[in-house]
Amino acid sequence: MTPLGTLAKRFRRDETVISRIISSSLRSGLVEIRAAEEASIAALRREDIERELLKKYSSLISAVVVNTPAPPDESVTSNAMMQYSDYVHRILGMALAHEICRGTMIRDGDRVGIGPGRGVYETARWMQKQTPVRARHVTLVSLSGVGFLRHHAHNRNLLLDPDFIVAFMGEAFEHPVTLDLVAAPLVCSPEKTLASTAWLRSPGRGRPLLDTAILGIGAFVPGNRFYEEAAATPPSQDSVYGPIRPALRSLRAACARAATDGHVPLADVGYHLFLVPSARGDQATSGVRNEMQRQIDAINATLLSAHRDDFQSMRSAMLVAGTPAKARAIDHVLTSNFLRASHISTDKNAAEILLSL
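Numbering (numbering that gives the first Met the number 0), first residue to last: 0 to 356.
Check before you lean on any hint, since a few could be wrong.
Said to hold, decoys possible - The list that follows gives simulated cross-link-like pairs (lysine to any residue, SDA-like), each with its CA atoms no further than 20 Å apart:
hint, residue 1, residue 2
1, K54, P245
2, K347, R45
3, K55, H331
4, K347, P323
5, K54, H331
Just so you know, the hints here were simulated from the structure itself, not pulled from any lab data.
None of the values given here were measured: they were computed from a predicted structure.
Take these sequences, add in the hints, and give me the full structure.
Spelled out as C-alpha cells, the structure:
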C-alpha cells in the first residue's frame with residue numbers, strides 16, 4: 000500500500016482528499032519537508048539490498064542504500080520530478096557524510112578530488128554536522144572549472160561547482176587542509192582544446208595524481224546543466240556554454256533518437272560526458288550512438304574537467320548518486336574501467352534496478 004493509501008485508510012478519507020490536504024498544507028507553510036536527521040539514517044538504510052550490491056559489484060568495499068519513496072509517476076510535472084530528485088540527493092549526501100566521518104575513507108596525506116553536483120554538495124554540508132574528519136595533511140582538489148551548476152528544482156543562492164564545494168568542505172576537517180582550486184570557467188575556447196592531455200596532470204598545471212574522490216553522476220535529463228543549456232535561448236543562456244552550445248544541441252537531438260524504454264543514453268561524471276550502454280544492445284541505434292560519441296569527444300576536449308585517465312589513476316572513489324534515471328549510468332561506472340568505485344551511497348529505487356540488470 001502506498002503512503003497516501005495508508006493515510007487514507009487511517010483517517011477514513013478518500014486518497015484525493017488526503018492529497019489535497021497535504022498540498023494545501025505545503026502551500027500555506029503549515030507543513031515543511033525536511034531531510035531526516037542523522038540519527039534517522041540508520042532506520043532508513045536497507046542493509047539487505049546493501050549486501051546484494053556488495054555481492055554483485057566486486058569493486059565495492061561499502062554500500063549505503065537509503066529507503067526513499069517511489070518517484071512520482073509520469074503524469075506529474077517535470078518540476079515535481081526535479082524536486083524529488085533534489086530530495087533524494089540530499090538524503091544520499093547525508094548518508095555518505097555519515098560514513099566518511101566515522102570511517103577511514105580519507106587517509107593522512109590524501110589528495111581528494113571533489114566533483115560537482117547536488118550529492119557532493121550535500122555530502123559536504125552534512126559532513127560539517129558530524130565529528131570532524133581527523134586525517135592530516137589532506138588536499139581537497141577541485142575537479143572542474145565553474146559551470147554554474149545549481150539545484151534542479153530550487154532557485155537557491157548557491158553554486159554546486161567543485162571550487163565552491165571544496166572551500167565549503169574544508170570546514171569539516173579537524174586539521175588544516177590545502178585547497179587546490181581551478182578558478183576558471185568550465186568551457187575553454189575551441190582553439191585551446193585539452194584532448195591531448197588530461198588537464199589534472201598537464202605541464203601547465205603540474206597537478207599530482209589523486210588518491211580518492213567524491214563524485215556524483217549526472218544523467219542527461221531535464222534539470223541537467225548540459226541538457227538545459229542545449230535548448231536555452233536568450234536571455235536564459237549562460238555565456239560560458241557558448242562555444243559548445245551547437246554541439247550540445249546536436250547531442251540532445253541525437254540522445255532523443257537513441258533513448259528507448261526510458262533508457263537515458265548519456266551521462267557525466269564531474270562534467271566528463273560518456274555514453275551509457277543500452278539494455279538490448281546498440282545495433283538499432285549504432286549510427287546515432289557513433290554520432291553522439293563524436294559530439295561527446297568534441298565537448299569533452301573543450302572542458303576544464305577531469306578525464307578518464309585521472310579517474311583511473313585513483314586508488315578509490317566514493318559515488319553519491321541515485322534515482323532510477325541514473326541506474327544504468329551507475330552500473331556502467333561500477334562494471335567498466337571508468338574508475339575504481341569503492342564506496343557508493345544510493346537509493347532503494349536505483350539499487351533495485353542495479354540488481355535487476
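Consistency of the hints with the structure:
Taking the CA atoms of K54 and P245, the gap is near 43 Å; set against the 20 Å cutoff, the hint is violated. The hinted pair formed by K347 and R45 meets the criterion: a straight-line CA distance of about 7 Å does not exceed 20 Å. Between K55 and H331, the direct Cα distance comes to roughly 13 Å. Compliance with the 20 Å bound is thereby established for this hinted pair. At roughly 9 Å between alpha-carbon atoms, K347 and P323 fall within 20 Å of each other, so this suggested pair holds.
A threshold of 20 Å between alpha carbons decides the hint, and for K54 with H331 the separation of about 16 Å falls inside it, so the pair holds.
Of the numbered hints stated above, the single one contradicted by the structure is hint 1.
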